[in-house]
Structures are given as C-alpha cells and as structure tokens.
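Peer 1: What follows is the residue order along each chain.
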Amino acid sequence: MVAIPLPALGSQALPPVPGAAAAAGLAEVVEAARAAAGRLPVPTPHDEAWRFTDLSPLARQPWQVDSGAAPTLDAARLAPLELDEAADARLVFVDGRFAPVLSSTAALPSGVRVGALAAMLADGGPAVREHLGRHAAFDVDFFSAVNTARLGEGAAVVCARGVQVPGAVHLLFLSTGRSAPLAIQPRVLVVAGEGSELTVVEEYASLGDSMVFTNAVTECVVEPGATLRHVRLQRENAVSFHVGRCAVSVARDARYRSVAVDIGARLSRLDHAVTLAGEGAEVTRDGLALLDARQHADSHTLLDHAKPHGTSRQLHKCVCDGGSHAVFNGRILVRPDAQRTDSSQQSRALLLSARAQVNAKPQLEIHADDVKAAHGATVGQLDADERFYLASRGLPADQARRLLTYAFAAEVIERIPVRSLVGRLAAQVMARSGL
Amino acid sequence: MSAVLQQLVSQPYKHGFVTDIESDTAPRGLSEDVIRMISARKGEPDWLLQFRLDAYRHWLTMTAPTWQNVSHPPIDYQDIIYYSAPKPKKKLASMDEVDPELLKTFEKLGVPMNERAALAGVAVDVIFDSVSVATTYKAKLAEVGIIFCSISEAVRDHPELIRKYLGSVVPTGDNFYAALNSAVFTDGSFVFIPKGVKCPMDLSTYFRINTQDSGQFERTLIVAEEGSSVSYLEGCTAPKFDTNQLHAAVVELVALDDADIKYSTVQNWYAGDENGVGGIYNFVTKRGLCQGRHSKISWTQVETGSAITWKYPSCVLLGEGSSGEFYSVALTNHMQQADTGTKMIHVGRNTRSRIVSKGISAGRSSNSYRGLVKIGAAADGARNYSQCDSMLIGDRCSASTFPYLTVQNRASVVEHEATTSKIGEEQLFYFAQRGIDAEQAISMIINGFCRDVFIHLPMEFAVEATKLLGLKLEGSVG
Amino acid sequence: MKDPAATTLLEVRGLHATVNGVPILKGLDLTVRAGEVHAIMGPNGSGKSTFSKVLAGHPAYEVTGGEVLFEGRNLFELEADARARAGVFLAFQYPVEIPGVTNSAFLRLAYNAKAAAEGREELDPLEFDDLVREKAKLVEMDPSFLDRSVNDGFSGGEKKRNEILQMAILEPKLAILDETDSGLDIDALRIVAGGVNALSSPARAIVMITHYQRLLNYIVPDHVHVMADGRILKSGDRSLALELEARGYDWVTGAREAA
Numbered sequence: 001m002v003a004i005p006l007p008a009l010g011s012q013a014l015p016p017v018p019g020a021a022a023a024a025g026l027a028e029v030v031e032a033a034r035a036a037a038g039r040l041p042v043p044t045p046h047d048e049a050w051r052f053t054d055l056s057p058l059a060r061q062p063w064q065v066d067s068g069a070a071p072t073l074d075a076a077r078l079a080p081l082e083l084d085e086a087a088d089a090r091l092v093f094v095d096g097r098f099a100p101v102l103s104s105t106a107a108l109p110s111g112v113r114v115g116a117l118a119a120m121l122a123d124g125g126p127a128v129r130e131h132l133g134r135h136a137a138f139d140v141d142f143f144s145a146v147n148t149a150r151l152g153e154g155a156a157v158v159c160a161r162g163v164q165v166p167g168a169v170h171l172l173f174l175s176t177g178r179s180a181p182l183a184i185q186p187r188v189l190v191v192a193g194e195g196s197e198l199t200v201v202e203e204y205a206s207l208g209d210s211m212v213f214t215n216a217v218t219e220c221v222v223e224p225g226a227t228l229r230h231v232r233l234q235r236e237n238a239v240s241f242h243v244g245r246c247a248v249s250v251a252r253d254a255r256y257r258s259v260a261v262d263i264g265a266r267l268s269r270l271d272h273a274v275t276l277a278g279e280g281a282e283v284t285r286d287g288l289a290l291l292d293a294r295q296h297a298d299s300h301t302l303l304d305h306a307k308p309h310g311t312s313r314q315l316h317k318c319v320c321d322g323g324s325h326a327v328f329n330g331r332i333l334v335r336p337d338a339q340r341t342d343s344s345q346q347s348r349a350l351l352l353s354a355r356a357q358v359n360a361k362p363q364l365e366i367h368a369d370d371v372k373a374a375h376g377a378t379v380g381q382l383d384a385d386e387r388f389y390l391a392s393r394g395l396p397a398d399q400a401r402r403l404l405t406y407a408f409a410a411e412v413i414e415r416i417p418v419r420s421l422v423g424r425l426a427a428q429v430m431a432r433s434g435l
Numbered sequence: 001m002s003a004v005l006q007q008l009v010s011q012p013y014k015h016g017f018v019t020d021i022e023s024d025t026a027p028r029g030l031s032e033d034v035i036r037m038i039s040a041r042k043g044e045p046d047w048l049l050q051f052r053l054d055a056y057r058h059w060l061t062m063t064a065p066t067w068q069n070v071s072h073p074p075i076d077y078q079d080i081i082y083y084s085a086p087k088p089k090k091k092l093a094s095m096d097e098v099d100p101e102l103l104k105t106f107e108k109l110g111v112p113m114n115e116r117a118a119l120a121g122v123a124v125d126v127i128f129d130s131v132s133v134a135t136t137y138k139a140k141l142a143e144v145g146i147i148f149c150s151i152s153e154a155v156r157d158h159p160e161l162i163r164k165y166l167g168s169v170v171p172t173g174d175n176f177y178a179a180l181n182s183a184v185f186t187d188g189s190f191v192f193i194p195k196g197v198k199c200p201m202d203l204s205t206y207f208r209i210n211t212q213d214s215g216q217f218e219r220t221l222i223v224a225e226e227g228s229s230v231s232y233l234e235g236c237t238a239p240k241f242d243t244n245q246l247h248a249a250v251v252e253l254v255a256l257d258d259a260d261i262k263y264s265t266v267q268n269w270y271a272g273d274e275n276g277v278g279g280i281y282n283f284v285t286k287r288g289l290c291q292g293r294h295s296k297i298s299w300t301q302v303e304t305g306s307a308i309t310w311k312y313p314s315c316v317l318l319g320e321g322s323s324g325e326f327y328s329v330a331l332t333n334h335m336q337q338a339d340t341g342t343k344m345i346h347v348g349r350n351t352r353s354r355i356v357s358k359g360i361s362a363g364r365s366s367n368s369y370r371g372l373v374k375i376g377a378a379a380d381g382a383r384n385y386s387q388c389d390s391m392l393i394g395d396r397c398s399a400s401t402f403p404y405l406t407v408q409n410r411a412s413v414v415e416h417e418a419t420t421s422k423i424g425e426e427q428l429f430y431f432a433q434r435g436i437d438a439e440q441a442i443s444m445i446i447n448g449f450c451r452d453v454f455i456h457l458p459m460e461f462a463v464e465a466t467k468l469l470g471l472k473l474e475g476s477v478g
Numbered sequence: 001m002k003d004p005a006a007t008t009l010l011e012v013r014g015l016h017a018t019v020n021g022v023p024i025l026k027g028l029d030l031t032v033r034a035g036e037v038h039a040i041m042g043p044n045g046s047g048k049s050t051f052s053k054v055l056a057g058h059p060a061y062e063v064t065g066g067e068v069l070f071e072g073r074n075l076f077e078l079e080a081d082a083r084a085r086a087g088v089f090l091a092f093q094y095p096v097e098i099p100g101v102t103n104s105a106f107l108r109l110a111y112n113a114k115a116a117a118e119g120r121e122e123l124d125p126l127e128f129d130d131l132v133r134e135k136a137k138l139v140e141m142d143p144s145f146l147d148r149s150v151n152d153g154f155s156g157g158e159k160k161r162n163e164i165l166q167m168a169i170l171e172p173k174l175a176i177l178d179e180t181d182s183g184l185d186i187d188a189l190r191i192v193a194g195g196v197n198a199l200s201s202p203a204r205a206i207v208m209i210t211h212y213q214r215l216l217n218y219i220v221p222d223h224v225h226v227m228a229d230g231r232i233l234k235s236g237d238r239s240l241a242l243e244l245e246a247r248g249y250d251w252v253t254g255a256r257e258a259a
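Chains as they are written, first to last, in this note's numbering: chain A, 1 to 435; chain B, 1 to 478; chain C, 1 to 259.
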C-alpha cells in the first residue's frame, strides 16, 4: 500500500474509488474537482480563513487511501452507538467503506430512500445526480476538491415530497484504524423534498486509537416548506484529524435546524455554510466544542441570507480545558436582496485552564438596510455569582465548577432533537466533568 | 431610498477651498535622496536621518496590506510630493507673523486661532500641509513644564526625549504605511507632560492638506509622565481636488504610571465627490502604550471625511491595572469606504478595555468595523467590553463588523455585542406623525445613535462633531 | 348621542387610495364631528389600517380620488408632520422602535414642534418633565421609561400605553387609534382604554379602528361603521358592534353580495 502526501490526495492517480463506476454520470464534476485539488494549495495560517489553525501536522503525514480489506466489525461493538430513534434506519461505514451487514433501513417509511451513494446514484432517482457535488464548492476549497475528486463512498438520504419521517436516520462513520494512517473521504447528500420532515444524525467516531484523517463533505438541500433537523457529531480519537465541510441550501419557507458537536480529534475543522436561498427560510444553527488536552477545534459558520424575510438563530459554545484551543468564526452575510432579515448569533466560550485558548470572530456583513442583525460574543470563566450561589447551598467549590461547566455545555446538547443522543452525550459530558 | 433621505445625505463639502500661499515643494517621488533632502531642509541630526533611512529600506521590502475591506487603484508612490512647506519658513514668534492668507484659511475653517483659542482656552498647533506654522500658548504651558511644539522644534530643542520615544510604540517597520511615514514624516506635534502635571487646558492641532498631489505624513508623539494627564484634540480638513491624496500619519502615545491621555479626533478630510472622484486616502497608524501601572489611554474619534479611511487607534495595556478606551463614530456617504476600529492588547494583569463603535453608512458607501481584543496569557483579571453598532441609511450601502477575539487567559472576561439598525421611511413617518420634520428627526436619531461616543468628546469638539454629522447628513428639506 | 350641531372636524368624501399601485380604498365616506367617538370595524384586509395611514400621510400610500377636509381645509395639502401639528394624531398599530432617542427628548421635541406651530411657548426640559410626569399617570407609566429609548425593548402593552401618553401630551383634535387593542391583555387594555376615556372631550374626536368588539366595551362609541373592500358598508350605533360580534363579518359583507 502506498502512502500519499496530503497535497496529492485528490490529484494523484489512485486505485479506483469503490463505487466510482456508479459515479460515472458525474465524471465532469469529478474531473473538475481533481483539477482543482491539484491546483489548490493546502491552506496555511497565512490564509485569513486558516489564521488560527495550523495544518502542518496534517500536511506532514503521508496517508493511506484504502484500508484494503472489506469492512468487518463485531456487531457488539456497534451496540453502544445505536440510537433508539434510528433502529433500522441506519447506515454504517467502516474505515470509509459501506458496511451493508451493519446497516438497516427496514424501519423507514416509503417515500424516503436511504442508501450508500453508489446504489443511490444508480437508482435513487434524479435528485441525487441533480444535487451531488453542486452545493459544496470545490473550486476554491482544497478539502472539498479532494473529497469530490475521490467521490464514491458515502450516503444519500432522499425524502420525497410531503413525507414525514418519524425518528431519525443515523449515518455512522466509524474508523477502526486497522491500516493507519488512513485518509477517508466520506460524502453525504441529504435532500428533504417539498413539505417533508426529516431528522438526520451524522456521526463520526473512532473505535480504535490509531490515526485517521477524515475529510468529510455533506450537502443538504431543504426544499420549499420542508423541515430538516441535522445533527453532526464528531467524536473521533485524540490522535485523528477531522476536516468537515457542510453546505446547506434552504428554500422558501423551509426550516433547517442543526446542532454540531465536536468532542473528538486532535485537530478538527468544520466549515458549515447555510444559504437561506428562498424567502422566509428559517435556520437555527447551534454548536458545541468540548476540548481538552492538546485538542484544537476550529468551527467556521456562514449564514448566508440571500432572500428576504429569512430568520437565523445561532448559539455556539466552546469549553476549553488543558492546553486546548478553540476557534469560532461565525459569519452572517445579508445580501442586498435580503430585506427584513432577522439574524442573531451568540458565541460563548469558557476557559477552564490557564493554558487553554480561544479565538472568536463573529462577523456581520450587511448589504441590505431593512435588517435586524445582532451578534454577541463572550469569553470568560464561570460566573462568579453562580459559583457563589452554589457554594452558599453547600456545594464544594470544585463540584460547583463541574456542575456549572456541565450546565454550560448542556444548553447546546439539549437542543439536539434526538432524545437518546441527548442522554448519551449528557452522560459523556458529565463523566468528562467528573460528575 | 426616499427622495427626502436622498436629499438629506447629499450635502456639498464646505471646506473645499485652496489657499493661495507660495509653497516650497520637493520634486515628486521617493528615494534616499528625497529623504536626505527632507532631513537636510529640516536641519535634522544624523540619528534621525538614519531612523528615516532604516524605515525607508524596510518599507522597500514590504507590500501594501490587502486584508482590509476597501478597494482602490494601486497607489503610485513615485507620483506623490513628499514635502511641501508654505513660504516663508522663518520661525514664527507670534500670531502677528503668521501669513495673513493662512489666517484667512483658518477663518474659513472656523478656526480663528487667536480669538477662538483665547475664548475656549485651547492651545492650538497648526500643521499646514507638512509644516507646523504656529503654536499658541506655548509660553504659558512652559510655565508648568509642559512642552507643546512641532516635532521639528522638538527634535532641535528636546532631542533626548524624541530619541527616547520616537518609534518606541510604533516601530519603523510596524506596517507598510507606518514605515513610509517613518521615512518621510515632515512635521507634527510633540507633547510632553512632566510628572504630576495636569495639563491646564486642552491641547489642539489642526491639520490641513493644501497642495494638490502632496502627501501628508505627520507624526504626533505624546508622552505623559507619572501621574500626569492631558486631553489632546486633533482636527483635519483638506481642499477639494479631483486626484487622491495620501495621508499616512503615525501617532504614538506613551503613558507612564497613573498617567492619563485622552486623544480626540474630528476627521473631515475631503471625501471625494458623490461619484468617488478625488478625496484623501487616510491610512493612519495610531497606537498608545499604557506602560505604567494604572495608566489610561482613551481614543475618541469622529470620522466623517476621506475617500478611504484605514485606521485602528490601539492600546497596548502593559502596566498592571491600566485601561484603554476607544469611542468611535465613523460616517460614510456616497462612495466613501471606511475600515476602522481598534486593537486592545491586554498584556498586564487586571487591565481593562472598552470599545464603543458606531458606524453610519449612507449612499453607496462601505463601512466596516474591524477590531482585535487580545488577552495575553499573563493578563489575569483582564476585562473587555465591546459594543459595535451599525446604522444604514438607504439600501445601496453596506456595514460590516469583523471583531477578532483572542483569549489566552482563563481568568479574564471578554464581551462583544453588535447590532444593526436603520433610518427608514417607517421611522421618519413616526416622527412626522408626531409633528417632527425629517431634518430634525434624522439629526435626533443620529445624535441618539452616537450619544455614547459624543459624551466622551470635550465639549468644544462635541458641538463641532454634531454640526459636522449634521452637515454630512442634513440638507435643505422642504 | 352627541350634539348634531357640533363642528364637523373630518369630512371624507369618496376616498380612493392605492399602495404599490394596488387599490385599497374604493370610495370611502365618513363624517366625524367634534366630541364624537367612532369605531371602524372590519375583517382583515378591508382597508381599515390603510385609511388611518392615508389620513396621517404615510408616503407609501397614494390618494387616487376623493377628498378629505379637516376643519374645512384640504388635509392632503399638508405634509405628514404638518398634519400632526394641525391636530391629527395616529396611535400606531405597530409603534416604531427608535434606539438611541430617549422618550423624554422625543416627546419634548414633538410637544415643542406643535407649540411653536401654534404660537405657544415652548417648554424647557424641566418644565416639560413636570408635564410628562403628570400625563404619565394617565396610563400608569413608570417615570423611569422617560429615560429609555422610544419603544425600544418595550413590551406590546408598554408600546400602546406610550402611544396614548403621546396623545395626552400632544392633545390632538382628532385621534385615530389603529388596532390599539391588538396584543393587549385585559389589564393593559383597561389601562389604555382608561387613558383614552380620560382624554375624551367635547372638542376632540376619536376614531378607533379595530377588528374586535372587545375594545368597545371599554371605550363606548357613538357611531360604529363596518368596513369591507375599501368602503364603509354599514353604519349604526353601539348595537351594530354587538350584532357584528354575534353574527360575524359575513353578515355584512355577505349582505352586500346579496344586494
């Protein structure tokens, strides 16, 4: 097996991607992405968008591109990851490869198609071909270009017009690290048809402790009047690298509610770009980064108000312990046409250790005059009054601190629309807080 | 935009006259020879020539920054006149000796120096093109040990102070425009407040660019020793020319233990016409060093002029318990572009900073707030609060907010808030329905919007600032 | 019923108006005399609010026909602010927020603009403060609101009370209350209505525009008009409102279709 340096990951001629044959209809897109991947340099801190995130540890490492063997996994190892709401509505990918044995979509109502990208490209209807590769711009972004150049493995969820999907669809990307260091390129497409209602949980997790580079690209299309609830959970191991791109287009009167949680990885970066592409679109985008030790998590969000009467609400929280470093860049763009936009963003960061660091950059760019837009950002420590209140009720200082830290994170976790996931994450945060 | 609003925001520039004074002018362009010429004309010591040449050589290796949210055609630095001094250049001992043409200029500017200065109790230094022409009240200030003079005089009379502090806050190679200024600065003001002295009056400088194609590169240095305090005011105007002129000033402030410096600016350089022809490029580096414990530096600015404004008056909060403040109103109209804000660098323990920025965009202008709040690892107990509000008048302008918060210390608190609002037809109708006409309504909304900044201006300037915003936004209604 | 010989304040004849080129008012007639209280009721989209904005002179509405006389004078000759100073007051359905401008400054400017127009003496801040504190009691406003920005961060009820306070200070001849009851709970409605009642006088007329009969339990009208499709279809006394409440708007609008 050959290890390939990062800059060549998308452009170098490589063994065929599994499922690539089915992607033949997208040959032009793949070819353009390959050219872009060859042309675009790996970003450095000299690029404004990467100012606080140094990729050199990722760039230094040559990467394997295929784990070789067909994916296998003991089902028992999967059990703790299963969600009650998504029993038999789950696709599992192991080391970047679809694992049909571990997947089941039996519980889904007719009208919603969930499957591996290859199969969905073949018979998932025109929506897949229409949207795949059309929303995540790869011509200016190295990582999207690499992912698109290697288009093949991934998941597609297509919900037909008016269909309400109970529970959730769980897309689980697991790495076992059998042939580390492995670079995987997961791809997700979600299309919520007109007036439909759908919940998707996109989860990235490690089962081993060896180094993986996940370069994930997700595209979501929310058609008029539809509601898409989207949870993105990244909890890979502390030696891995995770770069995610999520491009979302929200049509007229559609709703997109999203919660993104970053708990894992040594270095993670998520660019979440949501375009309010139709009048009256409504978006909530909440985020949580929970970091410790040497972790670095960088979250860039863009809420792009392109049409009038759009509403967006955003809450982003970072908790940094140890020597960790959180970056939040929250950009709100209100284009000239987007009159009567109502947008607000809150960014809150909590520094628990003397060595932790936060960079926050909330950005407002307003090009329309009839707009209500506001953002607020705070960085600090736990509220002294709250700590005193708990102390006055007899809680030892240390325990009060843990409890308040948990409560700080829980505000975002509780916004996840999947109860079993809320419970699991809450337990994890409590354990981490020593509660 | 309604016709009423349109009218209100279109108001001609009232300071656009050229004064007919003979100038002593350097040839266009920049080279070591030109720098040597400037230095020789000013009779400077060798160390200052070296300071200039070092800056120039550094500047040659640098490129103009591109990250700011403004656009302009490339500047031809060889097409600028770097030195232009009014003749005669003989030392002026009293106001009677000032060229009468100049005095008329100040009358037109609304700055009749002698009367007004006396009435207001303000000491005024005047920088005309590149050279300081008169400093009033010098003798009176000297009685309490305060030095208030042009930089050129200070170089001659107080070389030890200039050598100690010049470039100590903004190093010669700090940024592209600061390096250029360090190489070619021609004059500016110097203020020194000795230990324990509270400056008995506001000090004031008026700057005016008069020669077409000349750049203005003034340099201001204020040093406040232990326990002293000073309030310094700066006003700027320029005549109308249809070419762009470069203004690249450097201002350095040093505050020692318990010292307090308040620096206020009303900037009304020519902004260009409504199609964006002409106007000043105002690329300025202003920085204050709170070196001493419990020292305080406060910047207040009202920016209404210039085709492009690019400035970030900053505070480096080094001394324990020191504090920095930035209060800003930036108004852009027509094709003006402003990318302005501040940097608050918290180094010392228990340092405090407060930022209040109000941006008003009208016409087709672009107005950006850009600010950095950095809390260093040792800045335990540091606190920052920022409030950045934007107001849009009309639907062809834009307002952006780019705050950078970098926090490396857990025992600190940083808070930032930003909002946008507008003056629209519904607001004006509401006022009208209560019997208040559009002109009064706009003036009231703007003053309300800017109140948090205006209260920090010295009374004299607050009146001027209110009038200036009025000039920019109000017109002949009805 | 009030004195039919009282001065005619407002005379609306065949009023037509459009917004963005869409006809909204289509031949509206109305006569209001000093001292009278009128209620204009009607379903959503009937043109009630448009009528109030046309009277007040909102720039988005274009008068395309008919005339309006205020105290015998062509109202449309006056700009919006001049109408206000002449004594036409509109209590807004959605009072506008003006961050940064304090209530006290706003109210005083409005008061003095009207005083100057009438050749009365303007009040300085201290004199005005006495006046406004007195008037604030009418609508049970805490004086602390004077230092707050106009309507900024006010609750729905506070905004409506602020409108009535402004009416109390400006003492208009004609007060138009546009959906003043919307969004109010019973307590707030009682306070607002109490304020309005305290301000009624033989020299002043009040035109209430409302969707619901509820307000009329608190401010009792002399005349009730039902509006639909840009016209007044039916006029009567208080009992008309009760009948409307019982039978719904279809009773009137349907009756028109039948005719």
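Think of the hints as simulated: they come from the structure by calculation, not from any bench. Even glycine gets a Cβ: it sits at the ideal position worked out from N, Cα and C. Warning: the hint list may mix true and false statements.
[What the hints assert, rightly or not] Selected chain B positions facing chain A (in silico; Cβ < 8 Å): (1) 416; (2) 424; (3) 463.
[Unchecked claim] Some chain C residues close to chain B (C-beta under 7 Å, calculated; not the full set): (4) 26; (5) 30; (6) 34; (7) 101; (8) 110.
Peer 1: Now, for every hint given, state plainly whether the structure supports it.
Peer 2: Hints, verified against the model:
Restraint check, residue 416 of chain B versus chain A: the minimum CB separation of about 4 Å is within 8 Å; hint holds. Interface restraint check: residue 424 of chain B against chain A, minimum CB-CB distance 6 Å, threshold 8 Å, status holds. Look at residue 463 of chain B: its Cβ only gets to about 29 Å from chain A, farther than 8 Å, so that hint breaks. Residue-level restraint check for residue 26 of chain C is violated (minimum Cβ-Cβ distance to chain B is 23 Å; threshold 7 Å).
With 7 Å as the threshold, the beta carbon of residue 30 of chain C stays out of range of chain B, its nearest partner Cβ sitting at about 20 Å, so the hint is violated. A cut of 7 Å between beta carbons decides the hint on residue 34 of chain C: the least distance to chain B is about 20 Å, and the hint is violated. A hinted interface residue such as residue 101 of chain C counts as satisfied when its beta carbon comes closer than 7 Å to some beta carbon of chain B; here the least separation is about 4 Å, so the hint holds. The restraint placing residue 110 of chain C at the interface with chain B holds, with a minimum CB-CB distance near 4 Å, inside the 7 Å limit.
Hints 3, 4, 5 and 6 from the earlier list are contradicted by this structure; the remaining hints agree with it.
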